[in-house]
Structure formats: structure tokens, C-alpha cells
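Undergrad: Residue-level listing of the chains:
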Amino acid sequence: MAGEQTAQPRGGSALRRAVDGPVAEWVGLAVRLGLAVVWAWAGFAKVSDPAAAAQAVRAYEILPESLVKPVGYALPFLELALALLLVIGLGVRIVAGISAVMLLAFIAGISSAWARGISIDCGCFGGGGAVAASQTEYLQEILRDTGFLLMAGWLLFRPRTKLSADAWLAM
Amino acid sequence: MSEKNREGKRTARERMHEERAAEEARGKRNKKLAVVGVVLAVVAAAAVVGVVVQNQRSKPDTPVAAPAGAIGPKNLVIPDGPANAPSVLTVYEDPRCPACGSFEREFSATVDQLQDQGKVYNNYHLVSFIDRSLGGKGSKLGANALACAQDAGKFRDYHDVLYKNQPDETSDAFGSNATLISLAKQVPGLDTPAFESCVNGNKYSGWVSAVQQDFDKSSYKSTPTILLNGTPIYPKKGDEEISPQNLVKWIDEANQGKPLGTTGAASASPAPTGSAAPAAGTSPSP
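Those protein sequence lines, which keep their order, are chains A and B. Here our numbering = 1-based position in the first sequence + 68. Here our numbering = 1-based position in the second sequence + 1064.
Just to be clear, a hint being listed does not mean it is correct.
Claimed, not checked - For lysine to aspartate or glutamate, the following EDC-like pairs were computed, each having C-alpha atoms within a straight-line distance of at most 16 Å:
# : chain 1 : residue 1 : chain 2 : residue 2
1 : B       : 1281      : A       : 205
2 : B       : 1249      : B       : 1221
3 : B       : 1285      : A       : 129
4 : B       : 1301      : B       : 1278
5 : B       : 1267      : B       : 1215
6 : B       : 1281      : A       : 129
7 : B       : 1123      : A       : 129
Hints listed in this document are in silico derivations from the structure and should not be mistaken for laboratory results.
Pulled out of the complex, with its shape left as it was, chain B reads as follows (with noise of 0.2 Å):
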């Protein structure tokens, strides 16, 4: 009787135990899934506030304003030079990209010259993408700059006087606006308060953002991209290097029986037959 009833009560204990011991694991268990689920929520929250917030401080492919004249779907290009040339030169350049730099050290008076002989119209992107891989403002604000002296009808003279001035790649002088407009001055009369307060109020940052994911999402990977009435032409056209010879008789072998662009008033940059040269054709008359 009392060796039955001891049995009874270890086994009683054990069962006490046993049980203690489950009720802990699973606890423990318990307390694992809801650090796991914790954990899951917390990555998942991540995400989507990611996608919404990222969504709503990118600047829209689309832009609200364009500077005056630009062309194209979605107005993201510059036009420089006869509107009805028979050619089209389509120039991305980013103004800190020093390769950019050294075809237009290169080539810009051979592209003003057969502009202003009608031969070619240019379309101009103005990529941003050097600022993201070197860090620095001054591909972005340098490009805001000649959107504003597109809208001041200076963007050929501006564009050439960056290029001529430009920086070290790793330098970011264009990043800052004080330079961009320290370098206008020697443009005659684009430095004007309107073109100052366009430059340091960053006015075309949406339209500098949407040039740049327009080009994030062509087959284009490079600055200088360069193409002749749609066909790249640099550093070659097919076998043959470019050069401003090559360039010239490229343009002339496609310009073979059509009618020049008309000159002057269309060309971004008129002829100087306003002030300065007729006083200086006059002058030695009397």
C-alpha cells in the first residue's frame, strides 16, 4: 500500500516537472516566433516606406518647366543653330566630363562655323551623371546654368565659355554658382539679375533630373555621346576616327542635295550685325 502510494507521488512530481519544463520550452518558443515576426515586419515596413518615400522625393521623368525653345517629347532637348539645316548633330554632355571637354575644345568652332553656314542644327542634352560617381553639385547646377542662358538666348556663347573653363573632373568649382556666374560675365549681357536669380535658385532642377533619367534610360552609357542624324559618330564613324575634318565632310556627304539652313535670326547666336561690327565698318569712312 505505502510503496504504491510513494510511487505515485514521484511519478506525480515528475509529471509536475515534465510539464513545467514543456510549458518553459514552448515559451521560449513562443518568444523566438515573435522576435522572428518582429524582425520580418520591421524589414517589410522598410521596404515599402523605402518605395513610398523614394517615389515621392524623385523628381517626376516628366518636367514641369523647360527652359525657352527646348524641343523634343518631353522638352528635355537644346536646340543650337538652324532649325531647318539639313543635318542634325545630337551632342550628351556632362559639364564636368572631361572627355566632353576635350572634343569641345576641339570641335566647337568647326560646329559654330557649319552652323552658321546652315549645315547642321545641334541637339543637346546636358547630362548630370558625374556628381553621382564623384560626388559634388557641379555637373547638375552647371547644367541649371545653361538652361538658364538657353532661356537668356545665350546658350551656345555660355555653353563654350563652361567648356573652355572647365574644372578637373574630381574638382567641383561648377558646383558652385558664385563661379558658373563669375564665368557668365564673359558672355556679353548674359549676366543679368534674371539669369542670377535663375542660376542660384536652381531653377531647372526638375528639368536637369529628367534630362538625366531620359539618358539613364537610353542605350547610351557615355559622355561625350555624339551622333550624326542618328548614327554615333564618336570617337569613330564606322572605321573613321573623328575629326574636325572628318566631321565637316561627314555633314557635307549628308548634306549632298539638300538645301542649306537659313542663318542668322534662327541661330541661337546671331551674327554680331547689331552693334559692334557695323560701328567698327563705319568708322573709317569720314
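Bound-form chain A, shown alone (with noise of 0.2 Å):
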């Protein structure tokens, strides 16, 4: 009883300062930059080739013809504005809401081609459209986006980072 009773706060309390304390911030900070680095690369390795990236959203056989061009179009700088807001800091938590969004919007979009049997590159980081079956990499992408969907998870409860601009405006 005793024992456990000491071993628990320091245990206890070193996670609570990542979590909570001043550590926080810094554990925010290197999240929001490694969130940024994710939506720039995304952005940017999608950006060069309109065409190929409207293909990468009509492969998923969800969206209508209409709007295959103007998502294909948008989204790659959506994700680079979404890159600029996390480097600066400004507005993290609803930044982190967007993100959070989309994400979960990827994966719902990836899971659904894995579910209907259809054989694509999600398209996540260029690329993209129709491959063989053998070369689906669903799990790994649903991962991968997960691992991404966690990252946005912590800066929408833990919006406080260090060098933002959220901190500098005093929010």
C-alpha cells in the first residue's frame, strides 16, 4: 500500500508535466511544428500537377464528376495555409479542429475504398489514383493518418504552445 502510494506521484507527476506543466508548451510546440511539416509536405508534393491530383480524388470514386477538379484544386492549399497557421501559431486550437477534421475525413475516405474493394493510392503525399491490388497500402495509410489525427487531438486540448502567436497576442 505504502509503496505504491510513493511510486505513484513520481510517475504520476513527470506525466503531469509534460501534460500540464510548463513542459506542455514545449511538447505543443514541437507537435504543432511536426503537424506543419506533415501539411506542407502534403501540400507541396501535391500542388505541381493539378491533373494527377484531381485523378488522386476521383480514384476514390466517392465525389461527383463536379467536384472532383475544385478538391483536387483546393485541397493542396488548404493544407499549406493549414501548414502557415500551425508555423506561426496562430489560432491552434481551431487550427487543430480543421486539421481534425480532415483527417478524419482521409481516413473515412481511405477506409471506404479499402471497404468497396476498389485498388488506389490514397494519394496522401502525391501520387495517387488507380494501382494494383497487391500494391494497396490501406493499414499503413490509416496509421499513418491516425498518427497525424493524434497530434491534432493534442493541440485541441493543449492549444498553449511556446513561440506562437497565440501566446504573443496574450490569449
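Combine both chains into one complex, guided by the hints.
TA: Written as C-alpha cells, this is what we have:
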């Protein structure tokens, strides 16, 4: 009983410091910049070839043809905008919220493609479109996006981070 | 009297504190709302700018210029062989696609023969989607060079040379115009200044993009996609595997009772009637 009581606070306090204390804001900075890199990488990879980006969207066979190009064209710029906002740390909580909604939509799209038995590359970081059935990587793609979702989740619940515009504006 | 006064003073001070706190809270809320507004505006602006910019940057689905003799509704198809042949073999190929390379190595002699017998007319769709997944420019530049060869009337021969010299899928050798031009030297009469400037200037890049966008919207997802009179025959037609023998058999079956096409002038690469062959034929007589 006594041993348990003394051991718990020590382990607990280190964890609590990471989640609640001043360390949390440094962890938050790392998570924020990490998510910024993810969005920037995803955006840049899709921006160079608009037709390929549209085809990556079309390959999911979810959206009607009239929405394929607008979504394929807008998405990389949206991702770059989120990266920019995360780098400067402005409105971290709402940016994290938008990020989480987008990642959930991506995970839903990939799951849907997997469930319907079509063979595509998710086109998450460029590329995309149909691939051979043996070359699909749905599980890896979903796990990867889930990791990004956890990062967005952290920022959603701990939006105070070091070196952010939010902190400078004293919010 | 005095006690009442003190009480009144305290409540006034408290009220002031409360008001200041409320004002601060209001200010903080306003600041938060302003930030949310800025974020939403940035995100919305990015989406709109993306649609406008990418729309401007993307090449039209209907090409401005197409290679000589291209056919189809938007001139996206390269014809090869006798146009009045009874069967049509539609081929979707990417210059970098290894399965297309092995198809060509196995079937090009048979297909050339079937064309020269007036049995089949080929429709080539030069798709270029491997660049997207593997990076590079070999699919697009290779397709452009093939379009340039079509302008020169040497499509079939250059097409055969390219697939015979196809690099590994991951190597982007066709991404170099110098390589494409040096391969053109294997086709007599193809390597002219006009051909070189067509290749180096990437003259048909818009057309190549339009062909790919047409393939994107089709129901076909891989290359080679091969259709005989509209029916897929690769890798199988029904239960039968494709082979040079089966291809000949299927085309003969489809052609039953129909007149053969005119060969020679209509063929993109005419039989060697011009210079070399007659000279060789006449030399032994004296």
C-alpha cells in the first residue's frame, strides 16, 4: 500500500508535467511544428500537377465528377494554409480542429475505398490513382493518418504552445 | 451614518473591479473571435485561390494542337495501319510501363504483320501516368516524342524502337530528350531538325496531358489496356489467355466474311518499295 502510494506520484508527476506543466507548452510546440511539416509536405507534393491531384480524388469514386477538380485543386492550398498557420501558431485550437476534421475525412475515404474493394493509392503525399491490388497500403495509410490525428488531438486539448502568435497575443 | 458610508464605498470598489474583470473577459473573447475569423478567412481564401490558380495552370482537356492525322473526337488517338481494315485494336500504353514493354516485345511483330495483311487497324492512346507515381518526365516526354514521330510519318517504327529500348520502370531515361533523339537515329529518316525541335520544344505537351485526362476519365485503370473491336483482350479474352497465336485467331474470327483493308499507302510505315529493296532486287540481273 505504502510503496504504491510513494511510487505513483513520482511517475504521475513526470507525466503530469508533460501534459499540464510548463513542459507541455514545449511538447505542444514540437507537435505543432510536426503537424505543420506534415501539411506542408502533403500540400507541396500535390500542388505541381493539378491533373494528377484531380485524378487522386476521382480514384476514390466518392465525389461526383463536378466536384473532383475543385477538391483536387483546393486541397493542396488548404493544406499549405494550415501549415502556415501552425508555423506561426495562430489560432492553434481552431486550426487543430480543422486538421482533425480533414484527417477524419481522409481516414473515412481510405476505409471506404478499402471496404469497396477498389485498388487505389491514397494520394496523401502526391501520386494517387489506381494501383494494382497487390500494391494497396490501406492499413499503413490509415495508421499514419491516425498518428497525425493524435497530433491534432493534442493541440485541440492543449492549444497553448511556446513561441506562438497566440501566446504573443496573450490569449 | 459612517458605517453606511463605508459599506457604500466598498460596494462601489467591488463594482468597479467586477466591471474591469468583465471588460477584460469581453476583450479576450473579442480577441479570440478575431483570431478564429482570421483563421477561417485564410483557410477559405486558400481554397478559392487554389481552385483559381490550378484551373489556370492545368492544361485543357481539348488540346490546342494535335499531331498530324490524329483521330477521335478530340484528336487524341494515333491511328496506325490500314484505316479500312475490318478490325480495330485499341491500345492504351505508357512509354514507361513495363507490362507495355513486355506486351510490345511479345506482340509487335504479330501486330505489324496483321496490319500489313490489312486485317487490323490500331488506335493508340499514349497515356503518361507513371510519372505521377514514380516521379520524372519519361512518360510525358516519351509520349511527346511519339507524337513528333507521328508528324514525321514514322510512328510505328519509332514506337517499336522505344519499347525495345525501354529502361527499368524506376529509371527515367525517357525523361531526357537527348536519349529520345538518339533512339530516333535507329529509324531511318526520322532524326530531322523538325523532329528534334518538336522533341526539344515539348511541342505536344498539351496534347499529351489531354490524352492522359481522357484516360483518367475512362473506366480503364492500368496499362496496357488492349481492346479488340471494343472488347478487352488483355490479359485475357473471356477464358483464353492472350498470345500471338490467339490474337491472330481472334482477329481472323472477327474478320470472317469481311473484306480486308488496303495496305501500302494507308499504312503509317509503308512497305519498303521506295529505295533499298528494288535496288537489291535489280542488282543480280546484269
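Undergrad: All hints, please: hold or fail.
TA: Consistency of the hints with the structure:
no. : hint              : verdict
1   : B:1281 <-> A:205  : 23 Å, violated
2   : B:1249 <-> B:1221 : 11 Å, holds
3   : B:1285 <-> A:129  : 12 Å, holds
4   : B:1301 <-> B:1278 : 24 Å, violated
5   : B:1267 <-> B:1215 : 11 Å, holds
6   : B:1281 <-> A:129  : 11 Å, holds
7   : B:1123 <-> A:129  : 23 Å, violated
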